[in-house]
Amino acid sequence: MSIQENRLLIDQFYTAFAQKNAEAMNACYAKQAVFEDPAFGRLNDSEITSMWSMLIERGGKDLIVTHKILDVTNGKAKAQWTAVYPFSKTQRMVHNKITAEFIIEEGKIVYHKDRFNMWKWCSMALGLPGMLLGWSGFMKNKVRKTALSSLHKYMQK
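Numbers 1 to 157, taken from full-length UniProt numbering, label the letters of the sequence shown in order.
It cannot be assumed that every hint is accurate.
[Said to hold, decoys possible] Derived DSS-like pairs (lysine-lysine); straight-line CA-CA distance at most 27 Å:
(1) Lys120 to Lys20
(2) Lys140 to Lys120
(3) Lys20 to Lys89
(4) Lys61 to Lys97
(5) Lys89 to Lys145
(6) Lys145 to Lys157
(7) Lys97 to Lys68
(8) Lys31 to Lys157
(9) Lys145 to Lys120
(10) Lys76 to Lys97
(11) Lys153 to Lys61
(12) Lys108 to Lys97
(13) Lys89 to Lys142
(14) Lys120 to Lys68
(15) Lys20 to Lys78
(16) Lys120 to Lys142
(17) Lys20 to Lys76
(18) Lys157 to Lys89
(19) Lys108 to Lys140
(20) Lys153 to Lys20
(21) Lys153 to Lys113
(22) Lys157 to Lys120
(23) Lys31 to Lys76
(24) Lys20 to Lys68
(25) Lys108 to Lys78
(26) Lys61 to Lys120
(27) Lys31 to Lys89
(28) Lys97 to Lys120
(29) Lys31 to Lys153
(30) Lys31 to Lys113
(31) Lys113 to Lys76
(32) Lys113 to Lys89
(33) Lys113 to Lys142
In short, the hints are calculated from the structure, not lab data. Predicted, not measured: the structure shown is a model, and the values here were computed from it.
All chains should be built: construct the whole structure from the sequences, respecting the hints.
Here you go:
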(Lines of atoms letter the chains of each structure in order from A and count residues from 1; the text may use other names and numbers.)
(Lines give C-alpha, C1' and ligand atoms only; values in the text may rest on other atoms or scores of the structure.)
Protein backbone atom coordinates (compact mmCIF):
# COMPACT_ATOMS: atom_id res chain seq x y z
CA MET A 1 0.00 0.00 0.00
CA SER A 2 1.18 3.50 -0.72
CA ILE A 3 1.68 6.23 1.82
CA GLN A 4 -1.33 8.05 0.37
CA GLU A 5 -3.54 4.96 0.74
CA ASN A 6 -2.42 4.54 4.36
CA ARG A 7 -3.19 8.22 5.04
CA LEU A 8 -6.64 7.74 3.51
CA LEU A 9 -7.26 4.65 5.70
CA ILE A 10 -6.49 6.55 8.91
CA ASP A 11 -8.57 9.51 7.77
CA GLN A 12 -11.49 7.17 6.96
CA PHE A 13 -11.17 5.59 10.41
CA TYR A 14 -11.41 8.89 12.31
CA THR A 15 -14.03 10.36 9.97
CA ALA A 16 -16.19 7.29 10.67
CA PHE A 17 -15.58 7.79 14.41
CA ALA A 18 -16.64 11.45 14.19
CA GLN A 19 -19.77 10.31 12.32
CA LYS A 20 -20.40 7.66 15.02
CA ASN A 21 -20.17 4.86 12.45
CA ALA A 22 -18.63 1.91 14.30
CA GLU A 23 -19.19 -0.43 11.35
CA ALA A 24 -17.07 1.76 9.05
CA MET A 25 -14.40 2.11 11.76
CA ASN A 26 -14.23 -1.63 12.26
CA ALA A 27 -13.93 -2.22 8.50
CA CYS A 28 -10.52 -0.48 8.72
CA TYR A 29 -9.09 -3.28 10.90
CA ALA A 30 -7.59 -6.59 9.77
CA LYS A 31 -9.23 -9.76 11.13
CA GLN A 32 -6.44 -10.48 13.64
CA ALA A 33 -5.86 -6.88 14.72
CA VAL A 34 -4.58 -5.89 18.16
CA PHE A 35 -5.49 -2.70 20.05
CA GLU A 36 -3.87 -1.28 23.19
CA ASP A 37 -4.60 1.70 25.41
CA PRO A 38 -4.27 2.67 29.08
CA ALA A 39 -7.97 2.11 29.87
CA PHE A 40 -8.66 -1.28 28.23
CA GLY A 41 -5.18 -2.75 27.99
CA ARG A 42 -4.65 -5.16 25.08
CA LEU A 43 -7.69 -6.22 23.04
CA ASN A 44 -8.17 -8.73 20.23
CA ASP A 45 -10.22 -8.28 17.06
CA SER A 46 -13.71 -9.08 18.42
CA GLU A 47 -13.08 -6.97 21.52
CA ILE A 48 -11.90 -4.06 19.35
CA THR A 49 -15.06 -3.99 17.25
CA SER A 50 -17.27 -4.19 20.34
CA MET A 51 -15.26 -1.51 22.14
CA TRP A 52 -15.79 1.09 19.41
CA SER A 53 -19.50 0.24 19.18
CA MET A 54 -19.86 0.54 22.96
CA LEU A 55 -17.95 3.83 23.16
CA ILE A 56 -19.99 5.38 20.36
CA GLU A 57 -23.25 4.18 21.90
CA ARG A 58 -22.33 5.49 25.35
CA GLY A 59 -20.98 8.78 24.01
CA GLY A 60 -24.27 9.38 22.24
CA LYS A 61 -25.01 12.66 20.56
CA ASP A 62 -22.57 14.47 22.86
CA LEU A 63 -19.48 12.60 21.58
CA ILE A 64 -17.23 14.85 19.49
CA VAL A 65 -14.13 13.42 17.79
CA THR A 66 -11.50 15.39 15.88
CA HIS A 67 -8.20 14.18 14.44
CA LYS A 68 -4.98 15.22 12.79
CA ILE A 69 -2.65 12.85 10.96
CA LEU A 70 0.91 13.49 12.12
CA ASP A 71 2.98 11.04 10.07
CA VAL A 72 2.49 8.25 7.55
CA THR A 73 5.02 5.84 6.06
CA ASN A 74 4.62 2.68 4.01
CA GLY A 75 3.58 0.52 6.96
CA LYS A 76 2.99 2.91 9.84
CA ALA A 77 0.94 5.95 10.76
CA LYS A 78 0.69 8.32 13.68
CA ALA A 79 -2.27 10.54 14.51
CA GLN A 80 -3.42 12.83 17.25
CA TRP A 81 -7.08 12.77 18.12
CA THR A 82 -9.39 14.29 20.68
CA ALA A 83 -12.58 12.90 22.16
CA VAL A 84 -14.98 15.13 24.08
CA TYR A 85 -17.83 13.32 25.83
CA PRO A 86 -19.70 12.94 29.12
CA PHE A 87 -18.25 9.99 31.06
CA SER A 88 -21.15 7.54 31.41
CA LYS A 89 -20.65 6.72 35.10
CA THR A 90 -20.40 10.32 36.40
CA GLN A 91 -21.67 12.46 33.48
CA ARG A 92 -18.54 14.60 33.96
CA MET A 93 -17.20 16.04 30.71
CA VAL A 94 -13.98 14.49 29.44
CA HIS A 95 -11.71 16.19 26.89
CA ASN A 96 -9.20 13.44 26.17
CA LYS A 97 -6.16 14.11 23.95
CA ILE A 98 -4.76 10.91 22.48
CA THR A 99 -1.76 9.99 20.34
CA ALA A 100 -2.35 6.93 18.18
CA GLU A 101 0.20 4.72 16.45
CA PHE A 102 -0.79 2.25 13.74
CA ILE A 103 0.82 -0.59 11.84
CA ILE A 104 -0.86 -1.14 8.49
CA GLU A 105 -0.63 -4.22 6.28
CA GLU A 106 -2.47 -4.83 3.01
CA GLY A 107 -4.68 -1.80 3.49
CA LYS A 108 -5.88 -2.70 6.99
CA ILE A 109 -4.88 -1.75 10.54
CA VAL A 110 -3.17 -4.72 12.20
CA TYR A 111 -1.95 -2.90 15.31
CA HIS A 112 -3.34 0.24 16.97
CA LYS A 113 -1.96 1.76 20.17
CA ASP A 114 -3.53 4.79 21.83
CA ARG A 115 -1.58 6.76 24.43
CA PHE A 116 -3.03 9.34 26.79
CA ASN A 117 -2.40 10.72 30.26
CA MET A 118 -4.36 8.45 32.58
CA TRP A 119 -4.10 10.86 35.53
CA LYS A 120 -5.66 13.67 33.46
CA TRP A 121 -8.37 11.32 32.20
CA CYS A 122 -9.17 10.13 35.76
CA SER A 123 -9.28 13.74 36.97
CA MET A 124 -11.79 14.71 34.28
CA ALA A 125 -13.91 11.55 34.44
CA LEU A 126 -13.92 10.91 38.19
CA GLY A 127 -13.38 14.34 39.72
CA LEU A 128 -11.56 14.65 43.05
CA PRO A 129 -10.96 10.89 43.56
CA GLY A 130 -9.41 10.72 40.08
CA MET A 131 -7.33 13.81 40.71
CA LEU A 132 -5.98 12.41 43.97
CA LEU A 133 -5.49 8.78 42.88
CA GLY A 134 -5.38 8.83 39.06
CA TRP A 135 -1.59 8.52 39.04
CA SER A 136 -1.61 5.35 41.18
CA GLY A 137 -1.38 1.77 40.02
CA PHE A 138 -4.45 1.05 42.14
CA MET A 139 -6.63 3.52 40.23
CA LYS A 140 -5.22 2.54 36.83
CA ASN A 141 -5.97 -1.14 37.57
CA LYS A 142 -9.46 -0.28 38.82
CA VAL A 143 -10.21 1.70 35.65
CA ARG A 144 -8.92 -1.13 33.44
CA LYS A 145 -10.87 -3.78 35.35
CA THR A 146 -14.06 -1.69 35.12
CA ALA A 147 -13.54 -0.94 31.41
CA LEU A 148 -12.97 -4.61 30.56
CA SER A 149 -15.94 -5.70 32.64
CA SER A 150 -18.17 -3.17 30.85
CA LEU A 151 -16.84 -4.33 27.48
CA HIS A 152 -17.43 -8.02 28.18
CA LYS A 153 -20.98 -7.31 29.43
CA TYR A 154 -21.61 -5.28 26.29
CA MET A 155 -20.34 -8.15 24.13
CA GLN A 156 -22.84 -10.54 25.73
CA LYS A 157 -25.85 -8.44 24.66
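Results for each hint:
{"no.": "1", "hint": "Lys120 to Lys20", "in the structure": "holds (24 Å)"}
{"no.": "2", "hint": "Lys140 to Lys120", "in the structure": "holds (12 Å)"}
{"no.": "3", "hint": "Lys20 to Lys89", "in the structure": "holds (20 Å)"}
{"no.": "4", "hint": "Lys61 to Lys97", "in the structure": "holds (19 Å)"}
{"no.": "5", "hint": "Lys89 to Lys145", "in the structure": "holds (14 Å)"}
{"no.": "6", "hint": "Lys145 to Lys157", "in the structure": "holds (19 Å)"}
{"no.": "7", "hint": "Lys97 to Lys68", "in the structure": "holds (11 Å)"}
{"no.": "8", "hint": "Lys31 to Lys157", "in the structure": "holds (21 Å)"}
{"no.": "9", "hint": "Lys145 to Lys120", "in the structure": "holds (18 Å)"}
{"no.": "10", "hint": "Lys76 to Lys97", "in the structure": "holds (20 Å)"}
{"no.": "11", "hint": "Lys153 to Lys61", "in the structure": "holds (22 Å)"}
{"no.": "12", "hint": "Lys108 to Lys97", "in the structure": "holds (24 Å)"}
{"no.": "13", "hint": "Lys89 to Lys142", "in the structure": "holds (14 Å)"}
{"no.": "14", "hint": "Lys120 to Lys68", "in the structure": "holds (21 Å)"}
{"no.": "15", "hint": "Lys20 to Lys78", "in the structure": "holds (21 Å)"}
{"no.": "16", "hint": "Lys120 to Lys142", "in the structure": "holds (15 Å)"}
{"no.": "17", "hint": "Lys20 to Lys76", "in the structure": "holds (24 Å)"}
{"no.": "18", "hint": "Lys157 to Lys89", "in the structure": "holds (19 Å)"}
{"no.": "19", "hint": "Lys108 to Lys140", "in the structure": "violated (30 Å)"}
{"no.": "20", "hint": "Lys153 to Lys20", "in the structure": "holds (21 Å)"}
{"no.": "21", "hint": "Lys153 to Lys113", "in the structure": "holds (23 Å)"}
{"no.": "22", "hint": "Lys157 to Lys120", "in the structure": "violated (31 Å)"}
{"no.": "23", "hint": "Lys31 to Lys76", "in the structure": "holds (18 Å)"}
{"no.": "24", "hint": "Lys20 to Lys68", "in the structure": "holds (17 Å)"}
{"no.": "25", "hint": "Lys108 to Lys78", "in the structure": "holds (14 Å)"}
{"no.": "26", "hint": "Lys61 to Lys120", "in the structure": "holds (23 Å)"}
{"no.": "27", "hint": "Lys31 to Lys89", "in the structure": "violated (31 Å)"}
{"no.": "28", "hint": "Lys97 to Lys120", "in the structure": "holds (10 Å)"}
{"no.": "29", "hint": "Lys31 to Lys153", "in the structure": "holds (22 Å)"}
{"no.": "30", "hint": "Lys31 to Lys113", "in the structure": "holds (16 Å)"}
{"no.": "31", "hint": "Lys113 to Lys76", "in the structure": "holds (12 Å)"}
{"no.": "32", "hint": "Lys113 to Lys89", "in the structure": "holds (24 Å)"}
{"no.": "33", "hint": "Lys113 to Lys142", "in the structure": "holds (20 Å)"}
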